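Visitor: Listed here are the chains, written in short residue letters.
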Amino acid sequence: MSNQIQSIKVWFRNQLTADFSVLPVGISLLFLSIIFQSLNNRFLSGENLANLISQNVPLALIATGSVLMLLIGEIDLSVGVVSGLCASIVISLNVTKGWSPLSSIAVGLIVGALIGLSNGFFVTKFGLPSFVVTLAGLLTWQGVQFTVLHSSGTINLPDGFISSLMSTYLSKNMGYLFALIALGIYALSILNNFRKRKNANLKARSVQASILKFTVLAVIILGLVRLLNASRGVSAAMVFLLVVVTIIDYVTRRTKFGRNIFAIGGNLEAASRVGINVKRIKISVFVLGALLASLGGIFASSRLLAVSTQSGGSDLLLNAIAAAVIGGTSLFGGRGSVWAAILGALVVGFISNGMDLMSFDSETKLIVTGLVLLAAVSIDSVLRSKYRKRG
Amino acid sequence: MSVGKTVLELEDVNKTFGAVNALSGIRLSVLAGEVVALVGDNGAGKSTLVKIAAGVIPPDGGKIHFDGEVVDFRGPMDATKAGIAVIYQDLALCDNLSVTANLFLGREIQNSAVSPLNEEAMESKVLELLSELNVGQIKEIDIKVGSLSGGQRQTIAIARSLIGQPKVVLLDEPTAALGVAQKVEVLKLIRRLADRGIGVVVISHNISEVLEVSDRVVVLRLGKVVANFETKNITSDDVVAAITGSKSFS
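Chains as they are written, first to last, in my numbering: chain D, 17 to 407; chain C, 11 to 260.
Just chain D, with the same shape it has in the complex (with noise of 0.2 Å):
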């Protein structure tokens, strides 16, 4: 039994003091549920999380997309516009031109990602910094967005299979088949994982860890499935985005190309000298983050039911970073995992619709959403510190 307590204390601070851990986000969620329920006891209501949820898969596949740009050491500051401006287009082909919903989706996509490999041709070919290259589009696109809307200035999306994209939810039943599958798909995983060491005649990795780990994850997924069942039940968004981040993840932690990116945010100069082509490493990124930001724009205009000059803006981009540095990515580069992109963007939906709960200002959102990312960024640098004086 001691020795069990022993593993557990040495996962918990193996997770403390891991490159990327769940641990400080996680905790954030936990307070935050603790004190927007206490104060409303709607907030943890199977309604309520639906809602936020659902508000918030835009923001979090956006914020997916600024993981991997962070991941390279860089930054996209055009991707809210991006996400507005291929959204624009889409629903534009859509209704006013009558194509199709997936051939309008796919023009979309592919303007995202031919902004993506302009951004990242000029990072790469001219060696400016991403956040210049960027910030200039942040005008143009929005230029182009104007264009493209200029006749309407808002263009309604009617009922199809764009606007079913947010609103199409699971039956109960199929709900929890989808979280067993994903539970299922884990645990082979990690058995999978046991057997290649044990071939391999490694040391096992502790059995207790992962079964404590499996435990939470089920406990929170099947819990998460019965609290939206009591209400409209698990959205096709989330699942879509939960299979997304999970392709992502297992690209940048399993194969060679995201351990190129890993290397090229952690030294960019080891990581040439080894011979990884660094330019076509860092083009590839920025053409997948401005691809998951027109993602995120469709799926937000999904949510509105419209596109409009103001779609992409306001404080959409500030968000996503936010979320990505919440969640535990790191602004320096080399750090961080596309979870963070979910749970800081749960982070963010949780303080804006608590407040909204609790009928507080927008004015007093911004200030606190200010202060957790200023939080969130702090801890970062104080880790990385740590690092430096231990290298």
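Be aware that one or more of the hints could be misleading.
Cross-link-like lysine-lysine pairs, in silico, DSS-like; alpha carbons within 27 Å at most [stated by the list, open to error]:
| # | chain 1 | residue 1 | chain 2 | residue 2 |
| --- | --- | --- | --- | --- |
| 1 | C | Lys91 | C | Lys73 |
| 2 | C | Lys234 | C | Lys135 |
| 3 | C | Lys135 | D | Lys219 |
| 4 | D | Lys214 | C | Lys135 |
| 5 | C | Lys61 | D | Lys141 |
| 6 | C | Lys135 | C | Lys73 |
| 7 | D | Lys212 | C | Lys193 |
| 8 | C | Lys61 | D | Lys295 |
| 9 | C | Lys198 | D | Lys229 |
Because the hints were derived from the structure by calculation, they are not lab data.
What you are looking at is a predicted structure, and each value in this text was computed from that prediction instead of being measured.
Based on the hints, put chain C in the right spot on chain D.
Guide: Quick look at chain C alone, frame taken from chain D:
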């Protein structure tokens, strides 16, 4: 210790930067299994020499023989592929990656070009390599390199150069930033590289260290080789005299 045939040979290598003769008429040979120390005052051309051997900058004239053949390195990757590994002073490790990830950076093991990384195969190889090199001080290999000490990081940098099975290893000031105990460990490790049949070139400013670790000492002065000593026949005074030019040895 068994010293084998010549693995790296520079023949009349010249390099000028503008009006400055950085290197002129350099002759240097490195045998398999020996440690050659390259010493000289600041600006004597040590770093330029290493950069030429590593393919970072091209020589203006002269020939480089590697493993019996004349080679023409177009870039550092050519030299690496041929079998020359360089360990720079700044080490160039990724602090945010694990020991294993750093050792295999740029040549990760995959079952095929599109497969995920084979972490298990890489970890096994790292454990094997570290135990071969007899470095006990690195216990955990999934720990991030950023949390290791200077000596451990130097060990990782040296171990990393061995993953590509090099025939020659060039080290630029490998002990410059280390404490006494760590220095001893790294010098032992350098000796072990030579025992594996690798030709080792060490740039150093520390003469007592040079006499301790090397088989031969090559002294550069103002871009020329002014002395080529067998370490066992000399004292530190000889080395200092050659470096400062107060005595001629050629």
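Visitor: Which hint numbers doesn't this structure obey?
Guide: 2, 6, 7, 9
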